[in-house]
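A.B. asks: Taken in sequence, the protein lines are chains A and B.
If you count by our numbering, then the first sequence holds residues 1 to 378, one letter each, in order.
If you count by our numbering, then the second sequence holds residues 1 to 321, one letter each, in order.
Incorrect hints may appear among the rest.
Said to hold, decoys possible - Computed from the model, here is a short list of chain A residues facing chain B with C-beta under 7 Å:
| no. | residue |
| --- | --- |
| 1 | S110 |
| 2 | V112 |
| 3 | R115 |
| 4 | G131 |
As the list claims (entries may be wrong) - Derived DEER-like restraints, expressed as beta-carbon distance ranges:
| no. | chain 1 | residue 1 | chain 2 | residue 2 | range |
| --- | --- | --- | --- | --- | --- |
| 5 | B | A292 | A | S34 | 26 to 34 Å |
| 6 | A | A128 | B | D222 | 23 to 31 Å |
| 7 | B | A303 | A | E119 | 39 to 47 Å |
| 8 | B | D198 | A | E56 | 48 to 56 Å |
| 9 | A | S130 | B | D198 | 21 to 29 Å |
Claimed, not checked - Every beta carbon over 12 Å from chain B, so not counted as near; a handful from chain A, in silico:
| no. | residue |
| --- | --- |
| 10 | E56 |
| 11 | G121 |
| 12 | M168 |
| 13 | A196 |
| 14 | G284 |
| 15 | I341 |
Just so you know, these hints were derived from the structure itself, not from any lab.
Each residue gets a CB set at the ideal place from its N, CA and C atoms; glycine is no exception.
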Amino acid sequence: MPQLGITVTEGTLIAWRRQPGDLVARDEAICDVSSDKVDTEIPAPAAGRILELLIEVGTTVDAGTVIATMEEEESALRAPSPGAVAVGGEDGPAARAPREAPRGDAERHSPVVMRLAAELGVALETVAGSGRDGRVRREDVLAAAQGSTTASGAALYVPPAAGRLSRMRQTIGEHVKRSLRESATVTSWIEVDFSAVEARRRALGVTALPVVAAATVATLAEFGELNAWLDGDAYTVHHDVNLGIAVSLGADGLIVPVVRAAQALDVEGLAAAIADLAGRARAGSLSPDEVRDGTFTITNPGQFGTFMATPVLNQPQVAILDIEAIVRRPVVVTEGGAETIAIRPVCVLGLSWDHRALDGAYAAHFLGALRERLQGVG
Amino acid sequence: MSELTYLEAISDALRVALREDDRVLLLGEDIGAFGGAFKVTAGLQQEFGADRVFDTPISEEAIVGGAVGAAIVGMRPVCEMQFADFVACAFDQLVNVAGKLHWRAGLAAPIVVRLPCGGGVSGGPYHSQNPEAWFMHAPGLKVFAPSSAYDAKGLLLAAIADPNPVIFLEHKYLYRRVRGEVPPGAYTTPQSANTVRDGDDLVVIAYGAMVHAALAAAEAIDEAGVRVLDLRTLVPLDERAILDAVRDCAKVVVVDEANYTCAAGAQVASLIAQYGYGDLDGPVVRVATPDAPIPFAPSLERAALPGVERIRDACRELLAY
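Bound-form chain A, shown alone (with noise of 0.2 Å):
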């Protein structure tokens, strides 16, 4: 099917003019077809044979397709012959057109239909283009952002190709799933009025974790069940505190060195223990024995600002204790038998805890009587 001009893309067979075996002249009328605007004849390319025809009378076809074979004129004295050719197909007078329009394509995108997708997060795989042959307009791409864009203004999200969970984190991961579907978790909170902890921490210098730490330590000393192991049924109370101490390694995970016999240090030892464990893990220096067998951990998160957190335990061990930000807030103080509000350093602090192994009676008696000392240290 040739083509009948610049924007004529298909065409409509009306009749044929000669039929199989005929012979015909060069630029002889073989058949005739109709555009959208008029009718024409169509030449043969060459004289000869006319072999098949290959679509019937009614039938609209792109221009370019076969609609017709023949073999040329000196092959046609000597049939069967080689020499074929195609009628309206490549060889065609289309193909000798010297200028065409260009075509609209509806799986190639133009430079401003690429850019403006990308800017506005359209997938042009999911546009319905409304140019030319289902080419899709920038037009298009507007709607298409414009449709999908949310009341806030912001279009749809097309996210950037997914990567690989570090193994740190594939290994972090499989902890806190394991450790959520083995334990029943529960968590309590206690609320501390923490002065007697800052004047502490800063007659000796440090930060308030190793005065929890030292004063948790002291608590669980009277509180065993929870510096325990629960690994399926078998339950371990122990004697030591082997403290844990949850330190973040920013983007790549988190790791928990282990402060071995805590009991046996005081704040200023626990401080300098706890310094130097987690400079090491910063450092990524920390030995494998120094990452095991913990027996109950300290999660830190307060100094960001948060006031609370369900902290996972840190499997097999039965209790986490989850230190939040120190904040002055007004509290009722009784002085002299006399209620006043006053303005005190308070924190929260979480214990998340094994139901399996505890109740909550007990966890609540642990943290009454770990306010009681941290607001009684000195």
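We have chain A already, so just place chain B on it with the hints.
C.D. replies: Same frame as chain A, but now just chain B:
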């Protein structure tokens, strides 16, 4: 402010320049007593004298060569070619002498050469050409091509004031067909493009008489917003305005009345292809006169020149792409 034709606006610019600047003089064939082939200089010799409005022999090379000499000694000559086509005879003086004088000898050549150009008036192959691209290709020359009466006066005064040699294309078809408000006295039009019709779906870039054809074509298209950018000056070419229009509209039709190959519009299309690529939502479409001499026969001339219908159809075709 009074309403003048495009031709009257050019005459007015010459009169203002002759009055305000003693260095200005006019040179041309029959521009004195006869008033010029198109009567642009009618009355000026009577008003300013034969030593300032100067009839020359029939030698375009002598006109431009003499003007270059006058410019070197401090005058501001304005030359008239009877028809733009005849400037070919002065090509050497313009391209090899005037355009290179500053670079070769450090001398300014502030001359203006007025070219009554363009077709549509059944002038045939020697009286219808648009030779702007010849001079765009020659470094050292400026090329102006106003489309309105206002810009014709403002750009001619800007050309006379400019220290460079300026080719000034005044379109014969517009001489008496286009009119508009023109302020009295001196003013200059910036050497930059001008948006003469707003729209965001497609921009037609044109200059000279084709601006009016583009405007008529744009008016005929109700279904989309068609912008028309009038280049006004081809050297300097307002590249920023062209690329801004492409960024806004994403589809471009560039129109030349000149022959297709290497026309001013080819330079515009090339600029867009290189620097506006990321903004395009379709091919840069050009509409121009085929690479053939302009026929005498009105019917054939109409078929050759890019008329309103061809521009409109090109716009519709591209809008549908």
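A.B. asks: Work down the list of hints and note, for each, if the structure agrees.
C.D. replies: For each hint, the structure was consulted:
At about 5 Å, the closest approach between the beta carbon of S110(A) and any beta carbon in chain B falls short of 7 Å, and the interface hint on this residue holds. Hint status for V112(A): holds, given a least beta-carbon distance of 5 Å to chain B, under 7 Å. A cut of 7 Å between beta carbons decides the hint on R115(A): the least distance to chain B is about 5 Å, and the hint holds. At a threshold of 7 Å, the smallest CB-CB gap from G131(A) to chain B is about 5 Å, leaving the interface hint in force.
Distance hint for A292(B) and S34(A): a CB-CB separation of about 32 Å, consistent with the stated range 26 to 34 Å. Evaluation of the 23 to 31 Å hint for A128(A) and D222(B) yields a pass: the beta carbon distance comes to about 24 Å. Taken as a hint, the range 39 to 47 Å holds for the pair A303(B) and E119(A), whose Cβ atoms sit roughly 44 Å apart. Between D198(B) and E56(A) the beta carbons are some 52 Å apart, a value that agrees with the proposed interval 48 to 56 Å.
With their beta carbons about 23 Å apart, S130(A) and D198(B) fall inside the hinted range of 21 to 29 Å. The claim that E56(A) is not at the interface with chain B holds, since no C-beta of that chain comes within 12 Å of its own (minimum 31 Å). Its beta-carbon lying about 17 Å from the closest one in chain B, G121(A) satisfies the requirement of being farther than 12 Å from that chain. The Cβ of M168(A) sits about 42 Å from the closest Cβ of chain B, beyond the 12 Å cut-off, so the non-interface label holds.
Chain B leaves A196(A) outside its interface by the beta-carbon criterion, the shortest separation being 66 Å against a cut-off of 12 Å. Once the 12 Å rule is applied to beta carbons, G284(A) is consistent with being away from chain B; the minimum gap is 45 Å. No beta-carbon of chain B is positioned within 12 Å of the beta-carbon of I341(A); the least distance is around 64 Å.
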